[in-house]
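A.B. asks: Going down the list, the sequences are from chains R and L.
For any residue, its number in the numbering used here is found by taking its place in the first sequence, counting from 1, and adding 123.
For any residue, its number in the numbering used here is found by taking its place in the second sequence, counting from 1, and adding 420.
Be aware that a few hints might be false.
To be verified - Derived coverage of chain R by chain L (criterion: at least 3 residues anywhere in the stretch with Cβ under 8 Å from a Cβ of chain L; other residues may be distant):
id, stretch
1, 142 to 151
2, 222 to 234
3, 246 to 256
Hints are computed from structural coordinates only; laboratory data are not their basis.
All C-beta atoms, glycine included, are put in the ideal place defined by N, C-alpha and C.
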Amino acid sequence: MAESVAERIARRLSEGLELFGEDRVEQAVACWREVLELDPDCREARDYLESAGYAPAEPGARERVAQALELAATGDPEEAFPLLQHAAEAAPEDLEAQAALELLRGLLYVRYRARTGGGAGRPRVRVGPAQLLRYNLPPDAGFVLSMVDGHTRADELVTLCGMDPFDVLRVLCRLEAAGIVEIAA
Amino acid sequence: VIGAERTLLSFLDAPVVVGDPDGQAVYVNPAFELRFERAAGRVPGVPLAELFEGGARESVLRAVMTACKQGESVRFRLRESAVGFSAVASPIEAQGEQVGVVILLKEEVEGVERILALHRQMEQPLDELGHVLETLLELPGAAKDARLRTLLDDAQRALARVRKGADEVHGVLTGAGRTGGDARAGASAARRFDPGALMHRVVGRALRSRDGEGTTLHVVTPPALPPLAGDEHRLEALLVRLVEARLAQEPAPQRLVLGARVVGAAGEQRLLISLAELGRASYEARFADAPVAREEAAALGAELHGVAHPRLGRATLLRLRV
Chain R
124 MAESVAERIA RRLSEGLELF GEDRVEQAVA CWREVLELDP DCREARDYLE
174 SAGYAPAEPG ARERVAQALE LAATGDPEEA FPLLQHAAEA APEDLEAQAA
224 LELLRGLLYV RYRARTGGGA GRPRVRVGPA QLLRYNLPPD AGFVLSMVDG
274 HTRADELVTL CGMDPFDVLR VLCRLEAAGI VEIAA
Chain L
421 VIGAERTLLS FLDAPVVVGD PDGQAVYVNP AFELRFERAA GRVPGVPLAE
471 LFEGGARESV LRAVMTACKQ GESVRFRLRE SAVGFSAVAS PIEAQGEQVG
521 VVILLKEEVE GVERILALHR QMEQPLDELG HVLETLLELP GAAKDARLRT
571 LLDDAQRALA RVRKGADEVH GVLTGAGRTG GDARAGASAA RRFDPGALMH
621 RVVGRALRSR DGEGTTLHVV TPPALPPLAG DEHRLEALLV RLVEARLAQE
671 PAPQRLVLGA RVVGAAGEQR LLISLAELGR ASYEARFADA PVAREEAAAL
721 GAELHGVAHP RLGRATLLRL RV
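Please build the complete structure, drawing on both the sequences and the hints.
C.D. replies: Here is the structure:
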C-alpha cells in the first residue's frame, strides 16, 4: 500500500533524527526540509532545523519561488529568471530556490541554443563603436561582445570565453534582443 | 631531559632524539647510541643535522621543521646504514611555548618495503582493470543491457574499494607527512576527480542507450569546476541511474539538461548538479527520484532535492561539498 503523506512525514522526521544522531547533519537537514515541503507548518521539523543551526526557509520564500515559476510558465521566463536568481542568491541554503533556478536555467538554455542556431549561428555586431559606448554594458556582456567578430560561431564563443555556457548564450541573446548584435544562421 | 641522565626514555628499545628549538640535539637515549654509534655524552649541542647523513638528514630536518611550524606530530621514514626506520617527530610544548622536539625512531619490520613494492606493482593492473571496465561500459549494447550494467557498476565500486584500501595501506606505511587517521584522510582527499568530465561521461553512456532515442540531452557546465573528493564511480553510477530513469519513461522526455554550477563563498563552496526534464510534470514528480537516489546521495554526503511544475517540468538537484 502506498505511503500516506502523514506516514511519510513521520518517517522522514525519524530518519532525520537518526542521521542527526550520526552527525550526518546535512542529510538530516534534507529530511526535515522535505517534511516542510509536505507540511510547511510542521513545528517539529522547524524545531529540529533550528536546533541544528539551520533556519527553515524564510517565510514567504517558497511562495516567491512558486510565483516565479508560475511567471515563467505563463509569462516570460526571462522576467522570471532574475526573480529566481535573486531568491537563490539571497538563500544559498534553500534547495527549493536552487532547484527551481536549475529548472529555469535548463528551459532558458534550450531556448538560447535555438536562438543561436543550435550553436552554429555567427553573431555579428550591428552598431558602430560610438553607438556602443552609449550602452552601459555589464562587464560580462562587454567581454563576450569583444569576441564577436561575425565569423566565430556561438559554440566557439562559448569555448573561447571560458565562462559558463549558459551565461555566454544568455549574454548573446540579450545583446540580440537589444539590437546590438545579430546572429546569422 | 638533560644530558645523559637516566630517564624513562632510557629504557625504550626504540632510538629517541630530543632537540631544542634551535635545532641542536639535547639528548639521545641508549638505543640511539647503540644503533647510530653516537656517544650520548657527546651529543648535546650537536646540530640535529649532524646526527644523520644523506637523505636521512633531509628527512629529519624537514620533519622537525614541519612539526615545529604546525605544532603537531609528523610521521616520516628514513634509512640509515641500510636500515629502514619509521619515525615520528613531535613538538614539545611547555606553558604554551614550544621548547623542543622529540624524534622517535622505530626500525621497520622487514616486510614494510616489500608491501610498499607490492603496492607499486598493484597500481598498474588496477588502472588497467579500471580501463577495461570503462571500455566494457562503452561497448555497443552495453548501455541497454541492464544486467551487464549492474554487474559493471558493481565491479567499478569494488575496484574503487580496492583502490581505497591500497591507498590507505600506503598512507599508513609511509605516513605521507601525517599521522594515523590524517594519513588516511590524506589518501582519500588525494583521490579527487573532475565533476565536469564525469558529467560528460554520464551523457556519453546515456546517449549510447537505445532508450534515449528521441531525447536531446544537454550538458551545461562551466569549463572549470572545482575537483571533488570521494567516490567518483558511485557518483557517476548515481547520475547514470537518474538519467536512465528519465529516459525509460513513456513517453520519453524530449529534452534533458544536466547542469552544474558552484555556489557559496570560498571555503564554503558547494557544487550543484542538476538534471532538468523540460515539459509537463505532476507535482508528485518532485519526489520521483527519491527512491532511486536518496540512499546513494546520502552515502556520497550529498543532499537531494526535487522541484516540479505542471507546465515547466521537473528538476532534481544534488548538492555536494567541494
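A.B. asks: Quick one: see if chain L covers the stretch 142 to 151 of chain R, three-plus residues with Cβ-Cβ under 8 Å.
C.D. replies: It holds, with 4 qualifying residues against the three required.
A.B. asks: Apply the coverage criterion to the stretch 222 to 234 of chain R and chain L: a residue qualifies when its Cβ sits closer than 8 Å to a Cβ of the chain, and three qualifying residues are needed.
C.D. replies: With 10 residues closer than 8 Å to chain L, the stretch 222 to 234 of chain R meets the three-residue bar; holds.
A.B. asks: Per the coverage rule (Cβ-Cβ under 8 Å, at least three residues), is the stretch 246 to 256 of chain R covered by chain L?
C.D. replies: violated (count 0)
When each numbered hint is compared with the structure, a violation occurs for hint 3 only.
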